[in-house]
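Asks: Each chain is listed here by its residues.
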Amino acid sequence: MINRLTFFIVGTMNFLKPPTSILAPLVTRSAPKHQNIDFIGEIGQKPEEESLQVKIAVENLSVFYGKFQVLNNISLNIPQNRVTALIGPSGCGKSTLLRSFNRMNDLVPGSRVDGQVIINGENIYAPNVDVVDIRQRVGMVFQRPNPFPMSIFDNVAYGPRLYGIHDKRVLAEIVEHSLRQASVWDELKDKLNQSGLALSGGQQQRLCIARALAVEPSIILMDEPASALDPIATLKIEDLMETLKENYTIVIVTHNLQQAARVSDFTAFLMIDEDRSGTLVEMGATEQMFTNPRNKQTEDYVSGRFG
Amino acid sequence: MPRQTLDREIHHLQDEVLLLGSMVEQAMLNAIDTLKHRDLSAARRVYREDDLINEKRYAIENRVLILFATQQPIAHDLRLLAAILEVITELERMGDYAKGIAKINLRIGSEDIQLPIREISRMGDLSVGMLHRALSAFIEEDVQMAYRIPQEDDLVDELYNEIYRKNVENMIANPEEIDHNNYIMWIVHNIERMADRVTNICERTIFIATGELLEIDVSDDEWDDEDTL
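Chains L and A, in that order, give the protein sequences. When the first sequence is numbered by the numbering used here, its final residue is 307 and no position is left out of the sequence of numbers. When the second sequence is numbered by the numbering used here, its final residue is 1229 and no position is left out of the sequence of numbers.
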């Protein structure tokens, strides 16, 4: 039900004006459980975008590491086939939030989750959910490129083999398709048998993206995917995101505000509250968040005045 | 190396500037046409449609601001986007001149007035032609052309001065027609100012291409002030 909620895109150029009452609160911290969350964002001059599907609905999500509450009651909607950036100062929980979308936090000893993360209508924290299945549907790319110590081909084929695909021809097709999607096929097609570790950082990162794509996820989580790369390699990753969003929903955590501004369609800003837990301050269309955020704290953060 | 999003957006904005320019050109030609035919309902339309020009201008301005905020344009990109902000302001003002002419037409109403319509049309054609080529130069960053176009302003000024002299003579000879001659002065003044503002667009073209902010040295008013300064 939730995943069919529609994002209403209001108006065209009016977001430089003060917010009006038709804007539902974007931050729904106190929303009771199961309440439908209307995400009413505004987008400047994108009249072709009339409605967006919600891909990930986060409802009253709190995450604890032992006694420490890392995330405090977060509710937001991630739109399908768009890039959503999570920004905020160090320690605000943006990586934890990202990792909660494919239950990577399960790997942290003593971690506990309250609330729901609903993907395709299903709460991924429900008791009977297969975590492996979630991680197939929700791929992840990390800060440091981490190719496996094996050939380029085997890196990309690793996931599909794990899921039982062993036909050489099928694997070759998957590898080519994935590398093409990651915009790295032309550079690597003649050295598929070489080690994935022998590539440049930028190529390694795109290889890792190809590896994530090979198991056909619908969501890709990126945790600082370009922070270890030089500017040209960064630009290639950013362009890649723009291309990939046609087929995937992308969520990216980045410390680089300019990168968030460049690549994302929506931005969520998190901060640490008085209990040192991460809370959502504001979420909206990136264009609006970086030209006229509604919240003073967001304004201060995006204009470099704190954090 | 291309920057996919920024390059696409800039290209789109250039198209939008051309579109705004053609709206302004059409508004000016229409305004003069309504004078020629003394068509008041068409004049009302020109007057109203200025809103569309204003809206387009703000839409472009908004897009530019978003690109400043999200894409961090630098160097040539920065100059281009900053220049677009200037150019759309000029275009919007030119739209106001067309609106002004429509307004004068409505003010004249059904009064019987002898307009020097041939000269007015000629001034309009010259000014609109200058604008059209200035916008081409702006998009193509053609510096040579940007330097050349403002020189054509002399022709517009000549026509203006000619009408001015005739008007003054007529006011002296027929004081009862002073109001009519005033209307005519306002009309040609609007067209003359439009041509002046084309020079500003050309200056921005040079700025994009060279980074130099300069004033192209042409007599920028209906009077050449050199003698009086």
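Since the hints were made in silico from the structure, they are not lab data. The model shown is predicted, which means the values in this text are computed figures rather than measured ones. Take these hints with a grain of salt, some might be off.
Unchecked claim - Calculated lysine to aspartate or glutamate pairs in the EDC-like style (CA-CA distance at most 20 Å, straight line): (1) L:245 <-> A:1049; (2) L:189 <-> L:173; (3) L:236 <-> A:1049; (4) A:1103 <-> A:1049; (5) L:236 <-> A:1009; (6) L:296 <-> L:274; (7) L:245 <-> A:1007.
Asks: If a hint holds in the structure, say so; if it doesn't, say that too.
Replies: Consistency of the hints with the structure:
| no. | hint | result |
| --- | --- | --- |
| 1 | L:245 <-> A:1049 | violated (39 Å) |
| 2 | L:189 <-> L:173 | holds (12 Å) |
| 3 | L:236 <-> A:1049 | violated (44 Å) |
| 4 | A:1103 <-> A:1049 | holds (12 Å) |
| 5 | L:236 <-> A:1009 | holds (18 Å) |
| 6 | L:296 <-> L:274 | holds (17 Å) |
| 7 | L:245 <-> A:1007 | holds (18 Å) |
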